[in-house]
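Using the UniProt record's numbering, read the sequence shown as starting at 1 and increasing by one per residue.
Calculated from the structure, these hints are not laboratory results. On a predicted model such as this, the values are computed, not experimentally measured, just so you know. Fair warning: there could be bad hints in the mix.
In the DSS-like style, the derived pairs of lysine-lysine whose C-alpha atoms are separated by at most 27 Å in a straight line are [said to hold, decoys possible]:
no., residue 1, residue 2
1, 14, 48
2, 48, 63
3, 14, 25
4, 53, 42
Derived Cβ-Cβ restraints for the label pairs, each shown as a range [what the hints assert, rightly or not]:
no., residue 1, residue 2, range
5, 13, 36, 35 to 41 Å
6, 63, 4, 31 to 37 Å
7, 6, 63, 24 to 30 Å
8, 62, 6, 34 to 40 Å
9, 10, 37, 53 to 59 Å
10, 24, 63, 33 to 39 Å
11, 67, 37, 40 to 46 Å
12, 34, 73, 29 to 35 Å
13, 73, 12, 39 to 45 Å
14, 8, 51, 18 to 24 Å
15, 76, 53, 28 to 34 Å
16, 13, 69, 48 to 54 Å
Don't be surprised by glycine CBs; every beta carbon is placed ideally from N, CA and C.
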Amino acid sequence: MNRFVEHQMLTTFKEFRADCHRHFKKYSDPEEARANPPNALKQSRTNKAARQKQPYNHSSGSKSFLQRQYELAERK
Numbered sequence: 001m002n003r004f005v006e007h008q009m010l011t012t013f014k015e016f017r018a019d020c021h022r023h024f025k026k027y028s029d030p031e032e033a034r035a036n037p038p039n040a041l042k043q044s045r046t047n048k049a050a051r052q053k054q055p056y057n058h059s060s061g062s063k064s065f066l067q068r069q070y071e072l073a074e075r076k
């Protein structure tokens, strides 16, 4: 399982790096390339802003919401 996860992470990072390289290779001037970031970076910034607006982080782990609700009801 661990080997699979590491392979997935490596593959995803390599694809991301290749996409960035392909995007920046289009431009002859590095400043112009930085002024026009790839779409993935725009989406990342949008997602980052949305995550910061969330009032709390989900930290339930692998248990379902109903299981947590049942455990809280048992304590009372």
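We went through each hint and held it up to the structure:
no., hint, result
1, 14 <-> 48, "holds, 22 Å"
2, 48 <-> 63, "holds, 26 Å"
3, 14 <-> 25, "holds, 16 Å"
4, 53 <-> 42, "holds, 17 Å"
5, 13 <-> 36: 35 to 41 Å, "violated, 22 Å"
6, 63 <-> 4: 31 to 37 Å, "violated, 24 Å"
7, 6 <-> 63: 24 to 30 Å, "holds, 26 Å"
8, 62 <-> 6: 34 to 40 Å, "violated, 21 Å"
9, 10 <-> 37: 53 to 59 Å, "violated, 24 Å"
10, 24 <-> 63: 33 to 39 Å, "violated, 44 Å"
11, 67 <-> 37: 40 to 46 Å, "holds, 42 Å"
12, 34 <-> 73: 29 to 35 Å, "violated, 54 Å"
13, 73 <-> 12: 39 to 45 Å, "holds, 40 Å"
14, 8 <-> 51: 18 to 24 Å, "holds, 22 Å"
15, 76 <-> 53: 28 to 34 Å, "holds, 31 Å"
16, 13 <-> 69: 48 to 54 Å, "violated, 38 Å"
Checked against the numbered hints given earlier, the structure breaks hints 5, 6, 8, 9, 10, 12, 16 and satisfies all the rest.
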